[in-house]
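For chain A, the structure is supplied; the task is to place chain B with the ligands on it using the hints.
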Amino acid sequence: MLELKNITQVFHPGTVNENIALQDISLSIARGEFVTIIGSNGAGKSTLFNSISGTFLPTSGEVRLHDRNVTKEPEYKRAQHIGRIFQNPLLGTAGNMSLEDNMVMAMNKGFKGLKISLNTTLRDSFREQLVPLQMGLEYRLRDNVGLLSGGQRQALTLLMMVMSRPDLILLDEHTAALDPKNAEIVLELTLGYIRQYDITAMMITHNMHHAIAIGDRLLMMDKGEIILDIRGEEKRSLTVEKLVRKFQEIRKTELKNDEMLLS
Amino acid sequence: MIEGILVEGLLYAIMVLGVFITFRILDFPDLTVDGSFPLGAAIFASMVTAGADPWLAVSVALLGGVLAGLCTAAIHTYLKVPNLLAGILTMTMLWSINIRVMGNRPNLQLIRQSTILRNLVDVLGGGVGQEWVLLGFFVVLVLVIKILLDIFFHTDLGLTLGALGNNPQMVISSGVNPANLKFIGVGLSNGLVALSGAFSAQFLGFADVNLGQGIIIAGLASVMIGEFLLRSNRIFFLTLRVILGSILFRGIMYLGRYYGYYVGLTPNDLKLITGLLIIVSLIITQTKKAPGPRKKSGGPANA
Ligand SMILES: Nc1ncnc2c1ncn2[C@@H]1O[C@H](COP(=O)(O)OP(=O)(O)OP(=O)(O)O)[C@@H](O)[C@H]1O
Ligand SMILES: [Mg+2]
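Residue numbers (our numbering), protein chains in the order written: chain A, 1 to 263; chain B, 1 to 303.
None of these hints come from the bench; they were simulated from the model. Please note: incorrect hints may appear among the correct ones.
Claimed, not checked - Derived lysine-lysine pairs resembling PhoX-like cross-links, with alpha carbons at most 20 Å apart:
hint : chain 1 : residue 1 : chain 2 : residue 2
1    : A       : Lys235    : A       : Lys246
2    : A       : Lys115    : B       : Lys146
3    : A       : Lys72     : B       : Lys80
4    : A       : Lys5      : A       : Lys223
5    : A       : Lys223    : A       : Lys246
6    : A       : Lys5      : A       : Lys72
Next up, chain A with everything else stripped away, as it sits in the complex:
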């Protein structure tokens, strides 16, 4: 359903700051696949998501979604099919507005008309959908989202993303800013939704254990390239030791343990 063809992303080309963030990346993701992505800081993981969601025009290459060339399509248009959650919980919701108003906006993607969607029926349905989060948010529909904790806010962002039934979701370390307990809760919710709605998902994480245990395909990025692509039986039998060894075979260097081997 998603295909990247020779995507290259160069920042500040032709200057001293020239920075090749993505180098000739080709990648194909099938419907229903759940891909985890690991890699050290600056490896280009977020830039990969930016190129998929259309934040920047890639320097060269092609992005295809549902067999359609969307390389030049602006981010807001692609957002109709792609849901995205950032590490920063503030980016997914409008803090100056109530939960219900936020949910109305997320419900139907695309241009909004002069219709007043919010009514009692919709509020009831919002409450129903908030109950599984088990955070008591169903009683706080009229509270400003700015009053919620980071974990609550990220859980709400997750629900809001799922409400529009995206074809593909991009999760960029979306639990990294939360405390361990909330991170666990939000991750569980994420996995639950992905299973329940059979969503195609890509998840960046710095937690190697998660990357190995979760999903059915693992990508490792380094210096703008995808250096490992592991799936199927190989993925199921993967361990941290095997992964580290593989990295060393390819890069002929020691893997910097500090950031990759979290927890």
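Then chain B with the ligands, alone, in the frame of chain A:
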């Protein structure tokens, strides 16, 4: 005196609502206002002078304001010019346009022309005083505008517009083009400002190309004063406090005009007072806010 302050406060409240939309809701500091306010006055004055129906003239004035706002939004969006500069560009061009609109004159007197306010006073002014008729009219007008705005900000489109200033990324994620929202918001804002200008021409009895000088600062001061009066996230209260802020601001200006005389202030000092009022408001809000990470402001760098 009090009814005079109320009338002025309400008359300008229409403009302040516009300023509130750009500065507070869109986080788009729009300086077009200093040009679209006299544009509304100029369009109204020249149309009624040419014999047009005053209600038609008011509608065209509003439309002219919308166009001015669209112009600023277009400069900002298509030429990737910072919003402040885009507003200044339109405002500067409007100065010449306003003189053209008034038939190559810097001002236009409305001595005999039939205006909405004059007709109203003629019909109803006999029993009660003229000021009270005007007050009644502006209460109704401002209420209608306020309610229409409240309804608009409850629609799906209005909600999304409300999120833009706070979180542009979320607007994009919900599949909406932020540029379109800016067109709508800045257009709507300047429409209101021009409408306010058209009524101020009737109130003052003339239109003048310099009518807009300092309007943006007066609007901003009114918005900020209103923010001290009420705390809320409900649009009903947000627009209400804009109106109250405008009335209070006019009250302060009135005091400055009448009692300032005793301490040696002249009407020429009012702009200084307005500026100081804003600075004081800023200081109070800064000290009231607990220190902590602040949302990055969509200032001039946010082109
Ligand atoms: N908008 C930008 N302008 C210039 N350079 C950028 C931009 N975005 C990313 N880069 C650069 O591209 C490289 C890859 O960054 P990216 O954010 O994709 O890394 P990452 O793998 O997500 O890292 P992290 O784990 O720290 O989030 C970095 O060198 C970064 O400095
Ligand atoms: Mg990143």
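Consistency of the hints with the structure:
1. For a cut-off of 20 Å, the pair hint linking Lys235 of chain A to Lys246 of chain A stands: about 13 Å separates their Cα positions.
2. The suggested pairing of Lys115 of chain A with Lys146 of chain B holds, with an alpha-carbon distance near 18 Å, which does not exceed 20 Å.
3. Distance hint between Lys72 of chain A and Lys80 of chain B is fulfilled; the C-alpha atoms sit about 18 Å from each other, no more than 20 Å.
4. Of the supplied pair hints, the one linking Lys5 of chain A and Lys223 of chain A holds, its CA atoms being roughly 18 Å apart against a limit of 20 Å.
5. Distance check on the hinted pair: Lys223 of chain A and Lys246 of chain A sit about 16 Å apart at the alpha-carbon level, within 20 Å; holds.
6. As the CA atoms of Lys5 of chain A and Lys72 of chain A are separated by approximately 14 Å, the hinted pair is consistent with the 20 Å bound.
When each numbered hint is compared with the structure, no violation occurs for any of them.
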